[in-house]
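Protein chains in written order, with my numbering: chain S, 1226 to 1533; chain U, 60 to 503.
One thing to keep in mind: the hints can contain errors.
What the hints assert, rightly or not - Computed, partial: chain S to chain U, Cβ under 7 Å:
#1 Ser1271
#2 Thr1296
#3 Ser1316
#4 Ser1317
#5 Asp1318
#6 Glu1372
#7 Val1376
#8 Asn1423
Just so you know, the hints here were simulated from the structure itself, not pulled from any lab data.
No residue lacks a Cβ here, since even glycine has one placed at the ideal position from N, Cα and C.
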Amino acid sequence: MPGFWERLKQGMTRTRSGFGDRLRSLFHGRLWNDELWDELEEILYSADLGSATTGFLLDELRRRVLQHHPTTADEVVNLLAILMQEELGDSSDALALPDGGPWVWLMVGVNGTGKTTTAGKFAYLLKQQHKSIILGAADTFRAAATEQLEVWGRRAGVDVIRQASGADPAAVAFDTVQAARARHLDLAIIDTAGRLQNKVNLMQELQKVYRVIGRELSGAPHEVWLVIDATTGQNGLVQARVFLESVPVTGIVLTKLDGTAKGGIALAIVHELKIPIRFVGVGEKVEDLLPFDPADYVRAILGEEFSE
Amino acid sequence: MFETLTDKLQSTFKRLRNKGRLTEADVREALREVRLALLEADVNFKVVKDFLAGVESAAIGQDILQSLTPDQGVIRIVRDRLTALMGSRVERIKMASNPPTVIYLVGLQGSGKTTTAAKLALMLRHQGRQPLLVAADIYRPAAADQLKALGTQIDVPVVHALNESPVALAQRGIQMSRQLARDVVIVDTAGRLHVDTELMEELVQMQRHVPAHETLLVVDAMTGQDAVRVANAFKETLPLTGVVITKLDGDTRGGAALSIRAVTDLPIKLMATGEKVEALELFQPDRLAQRILGMGDVLTLIEKAEQSLDQGDTEQLAGRIASNNFNLEDFRAMLRQVKKLGPLSKVMEMLPGMGQMGKLKGKVDDSSLVRVEAILDSMTVKERLRPDIINGSRRRRIADGSGTSVPEVNRLLKQFQEMRKMMQQFKGPGGKKRLAKLPFPPMR
């Protein structure tokens, strides 16, 4: 299966200017000198890695540069690419569901990151693998959020459990888990309303949804997906921290990587909070949801030639 | 988590001053703190660079280093220049002399265009306009349903149609505005990437057929370094007239807004500060500058206090606080004044230095305020005037009456005693005057 870097490059209507190009033209074929540290720092900041992670990476890189005495700028960037990949760990597994369900997944995140879309894509892709799935529309707040999920349900050929607008999201979650059990389904995916992490009452509401699911099915939810928009800046780290304090997030889905934003905040999150990035969204089509590949991700930040 | 930049600068200067006179190098070191703070606030890397170069030359060029308080001088320069960068005046939505005024909302996916469209319609309706909404997002599933639901909620008609192109929808909007005697047409467009040439061209086509009076770029306040690239790309393709910053009710510093302003020179016209349809305000540049610096939104707070509090009451209360016999009756009056300022969580956000009190966040909320009030209400006047007489059986009665527990009543009484002690320290010259400005005691 092609990685998401290939998919990004395939985008026919998209102009990819600026995608690592600047770094390439700046560094390629040059001898390494200490003035280039500032340029590297700028690249990392421009990719939203933030001060703590940028500082960590550059300190560690300085150590390795002293150790290996690279002579060219390309070599230094290669060292940085290796370092970043080490931080990110292994590639994610392809989307799959083990036997022995029903499994329950919960989608969480701030407003507008793509939770509903990701839930719909998960359902569609797993349905194609002949899994039986049900969607739960626990975003009872945003106008027409339920309708949006229902459109995805129709596309995927999957039922959607819903209640009236303004209903208790925990009740919808409860119904969804019950339906999954009663119908002996493989998976229930529960979509929740976007919530800013500083809204205490909304975070408590999310905890209640989580508790209710666990009470109905012991061990559930089995995955809690935190959906993060790749254009997010340093607030992404705060989001991840607060969501993690509220519910045990098991993985990050990094969406909207097909723009010019590089989603560097995800590396900051992995570095500081050790939550793995598991999937990335690189377009609006269903097949644009792909397993995370550290090498591709680093390529998107540093440019292609340097990360072999 | 967010230490205020002002605090940071002050402590840096303090450390530097211990070794004698301040030098230019010291200023540079202090400015490194500013750099970090701005980058952490998501201000664009290049904007930060230019900004600091300007501050440095201003700080070194003037006689600040010779003054008694060079730290204050530098802080002032940073603040003033940041505010200037943000733009100095409030920018309004311009209305066409020949209605209908056509307003386009454009931006990336998930930035909040649809919600903003409804909020803007409501805001204009409150100003006596007759808006009409056009659901021109034909791509996202149920986007039109979302706008329809919001339109019903705010009682504004929504133009929508299945299987019609965005251009046709915009044209139909103009047509309907004439039929329904509407003077503003707000076009909610689909979210799109600035690098998606096909979809960007669609916007150009829409505006060719239905020209815009205002084209507003809707930007999520949490956007990082990419904000500038996005804004520039939209500006190159479309005649943008301004920016709307959304989700400012989060805890982001919103440096993206500053970057967009600095790089594109587009005015930021509106800011969305909550999930309710009423939560859209004209953008106040100076306040965002303060927020980025972590100085808190004291201006807003003072303005709110002036609007919602009775001056006479406040002064009288301040007098009571400064006196020796501050009692629970006064405390209750104070609580009621504070409540007038709005939800406590919002008030807290506006206070400088509250970022540091992160632990307090979530603990002090309005529901705890309600409980405190219930406890106070369940006391007799005599008990409130003379808290000392509240013994065990009275505490039980108060707990039962207020639906709380004896430990809660105990806690409140203890807090009150501590507060009274603290207030004694405010006595003395100027104390009363100082307190009159804010209707509540300083937090520790």
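Against the structure, the hints come out as follows:
1. Ser1271: At about 5 Å, which falls below the 7 Å cut-off, the nearest Cβ of chain U leaves the hint on Ser1271 of chain S intact, so it holds.
2. Thr1296: Violated: closest Cβ of chain U sits about 28 Å from Thr1296 of chain S, beyond 7 Å.
3. Ser1316: Cβ of Ser1316 of chain S sits 25 Å from chain U, so the hint is violated.
4. Ser1317: 23 Å, violated
5. Asp1318: 27 Å, violated
6. Glu1372: 4 Å, holds
7. Val1376: With a minimum Cβ separation of about 3 Å from chain U (threshold 7 Å), the hint on Val1376 of chain S holds.
8. Asn1423: With Cβ-Cβ at 4 Å, under 7 Å, it holds.
Of the numbered hints stated above, those contradicted by the structure are hints 2, 3, 4, 5, listed in ascending order.
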